[in-house]
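K.L.:
Under the working numbering, think of the first position of the sequence shown as 1, with each following residue one higher.
To be clear, the hints were calculated from the coordinates, so they are not data collected in a lab.
All figures in this text were calculated on a predicted structure; none of them were measured in a lab.
Please note that a few of the clues may not be correct.
As the list claims (entries may be wrong) - Computed list of lysine-lysine pairs in DSSO-like fashion (alpha-carbon distance at most 30 Å, straight line):
(1) K324 with K65
(2) K394 with K4
(3) K93 with K82
(4) K82 with K258
(5) K258 with K18
(6) K253 with K18
(7) K65 with K82
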Amino acid sequence: MNLKESILIALDALRTNKLRSVLTTLGIVIGVMTVIGMMTIIEGINASVREQFEQIGTNTFYISKYPAVQTGHTRELYRNRKDLTVDQAMAVKRRGTLVQSVSPEMMTWGQRIRYGSEKTNADVLVMGGSEDWQRVNSFFVESGRFFTPMDVQSARRVCVIGKDIVESLFPFKDPIGEEVRIGPDRFRIIGVFEEQGSIFGQSQDNLVTIPYTAFSRVFGQRRNVRISVQAIDPQYLDAAIDEVTGILRRERKVPPGKPNDFEIMTRDSLSETFRNLTAVVFASAVGIAGISLLVGGIGIMNIMLVSVTERTREIGIRKSIGAKRRDILWQFIVEAVALSALGGLIGVLLGTGLGILIGAVTPLPASVPIWAVFVGLLFSSGVGLFFGIFPAGKAAKLDPIVALRYE
């Protein structure tokens with residue numbers, strides 16, 4: 001027997017028992033669909049996050065009281081740390097020789113901005129920063145200007161707004177020079193940021209930035225501060241981090257030999273953290289898919305054993321007219337692989353469609369990785385091969401005389 005003949009016989013057997021074949025492949029379909037669907041979402045999220053992280057300069061890093069990701073058993077430890085302060089940020093700016101820009105940052109979510117009788121939804125992010133804020137965070141002004149050192153020192157009530165605020169309050173007029181109410185105080189608009197877009201459905205243009213000194217007076221001084229730092233050059237990033245670490249340990253009176261009581265995050269470390277999170281999600285999906293593939297493989301083995309029993313006389317006739325063991329073995333292995341590959345193909349199509357559908361109806365981005373399609377088909381075929389060997393071996397070992405007498 002040649003390969004073509006074996007495949008035709010296998011496909012004919014599958015066509016003869018259509019419903020049984022479809023039910024047998026359900027486990028394979030569900031397993032492959034789960035992996036492809038999750039990979040479509042994860043790949044889309046990773047691509048979106050990579051694009052966002054590209055906006056962070058290669059010479060920028062952040063100092064925070066909390067790490068990017070907190071686990072349950074360490075959350076209390078981070079909460080008990082001392083807050084970072086504006087004075088500590090100013091010490092970094094004053095004493096750092098390898099840094100060019102430093103901005104203490106404060107923020108509050110869920111604010112409503114008012115202009116006359118108009119008002120935004122209560123979901124605006126208000127941030128306080130220094131004159132270095134736009135340079136460190138790569139949020140640049142499109143029209144108007146950003147803060148000056150005098151604005152910050154004098155705690156002037158000035159603000160720079162995002163495009164969402166403009167569209168909500170000033171759809172038909174220039175906002176520069178207008179006054180809006182932020183909290184209980186009035187602020188004069190001096191600039192509008194360039195459009196930043198959204199990530200995971202969360203707009204980055206729905207924000208207002210004010211001097212951190214004005215922020216403290218409006219929203220209170222007892223707030224934890226995040227410190228954004230820009231090194232003088234990307235090649236000095238590691239040296240700048242070491243220098244800033246030493247300054248902060250001295251300012252925060254961390255004893256020698258004790259670990260830092262603050263976190264330093266760079267673009268690479270944030271990317272790595274996010275990749276680790278998506279890897280955990282993917283591993284969970286693979287575990288679920290593995291169970292489905294195991295169930296599907298057992299189903300294939302079961303149905304192939306039934307098929308061998310049903311076709312015992314056929315096997316006896318073929319052996320009696322010259323078919324060798326390897327011919328019978330090859331026929332049933334091809335049938336098992338074809339059955340599982342069919343399930344894999346259906347799973348790939350459903351998983352891709354599911355991922356694209358989720359991307360269309362939710363803020364989650366979707367991107368179909370071509371390599372995942374091939375891996376899904378390869379694994380499903382491998383399952384058929386593995387679980388088809390035993391039934392195929394049993395068929396190949398049948399005695400032709402006994403098989404011919406089988407009723």
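K.L.:
Going through the earlier hints one by one, which of them does the structure break, listed in rising order?
P.N.:
Hints 1, 5 and 6 are the ones this structure does not satisfy, whereas the remaining hints hold.
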